[in-house]
Amino acid sequence: EPEVTQTPSHQVTQMGQEVILRCVPISNHLYFYWYRQILGQKVEFLVSFYNNEISEKSEIFDDQFSVERPDGSNFTLKIRSTKLEDSAMYFCASNLQGAREAFFGQGTRLTVV
Amino acid sequence: LAKTTQPISMDSYEGQEVNITCSHNNIATNDYITWYQQFPSQGPRFIIQGYKTKVTNEVASLFIPADRKSSTLSLPRVSLSDTAVYYCLVVAGGTSYGKLTFGQGTILTVHP
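Residue numbers (the working numbering), protein chains in the order written: chain A, 26 to 138; chain B, 2 to 113.
Bound conformation, chain A alone (with noise of 0.2 Å):
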């Protein structure tokens, strides 16, 4: 069964460096999505991507987030100067065009130190 793929599976940083979290969506999806998830929190939208940008985002989804679909096959989260607060697991997902689920990758855990 065809899976959206993240790496790495864990990160560690430093405050104020910055990283990103690389993810391989199901190579025939159109949307592409991130998530982040707080531990013991909900779920909570970052952005959604569709055909080379950016179409919706999220109020967390500020200047100190960046996406990018450098290839055909890529889609990165790039988080500039991170702080404590950051620390979360990093979802992405994709889906088709209509279709009713999403899929998502198993996460990256962002710790910031």
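Any given hint could turn out to be false.
Claimed, not checked - The list that follows gives simulated cross-link-like pairs (lysine-lysine, DSS-like), each with its CA atoms no further than 25 Å apart:
hint, chain 1, residue 1, chain 2, residue 2
1, B, Lys4, A, Lys82
2, A, Lys67, B, Lys4
3, A, Lys67, A, Lys82
4, A, Lys82, A, Lys108
5, A, Lys82, A, Lys103
6, B, Lys4, B, Lys70
7, B, Lys70, B, Lys55
8, B, Lys70, A, Lys67
9, A, Lys67, A, Lys108
Calculated from the structure, these hints are not laboratory results.
Chain A is fixed; fit chain B onto it per the hints.
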């Protein structure tokens, strides 16, 4: 989007049927009801989606009354591996279905 309300937690035993009810009083005409499951340290996984009446797949059934102000996810004969958080979501139709607003979900614990 309509706010959803579901129980914070439920307990069950192996082999029992579990019904998790969700209320969404302000659901709009073009909204769909969708359920996801999440295991610890994993991403959410789609279970089922419906608009009205009953939908069944190999995993669960979804019952939606005529007024669509609530829905019930039914898990037949649960096992220990069904212990997870279950989220009821309302998704606007005609969208990509991927921009999801999660609530706190229902923590289902299945006991031996």
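These are the hints, each one checked on the structure:
1. Proposed proximity of Lys4 of chain B and Lys82 of chain A is supported: the alpha carbons are some 19 Å apart, at most 25 Å.
2. Pair hint Lys67 of chain A plus Lys4 of chain B holds up; C-alpha atoms about 14 Å apart against a cutoff of 25 Å.
3. For the suggested pair Lys67 of chain A and Lys82 of chain A, the alpha carbons sit about 17 Å apart, so the restraint of at most 25 Å is met.
4. The straight-line distance between the Cα atoms of Lys82 of chain A and Lys108 of chain A is roughly 20 Å, inside the 25 Å bound, and the hint therefore holds.
5. Proximity of Lys82 of chain A to Lys103 of chain A is assessed by CA-CA distance (about 14 Å); at most 25 Å being required, the pair is judged to hold.
6. Proposed proximity of Lys4 of chain B and Lys70 of chain B is supported: the alpha carbons are some 11 Å apart, at most 25 Å.
7. Taking the CA atoms of Lys70 of chain B and Lys55 of chain B, the gap is near 14 Å; set against the 25 Å cutoff, the hint holds.
8. Using a Cα cut-off of 25 Å, the hinted pair Lys70 of chain B and Lys67 of chain A holds, with the two alpha carbons roughly 23 Å apart.
9. Between Lys67 of chain A and Lys108 of chain A the CA atoms are separated by roughly 19 Å; this keeps the pair inside 25 Å, and the hint holds.
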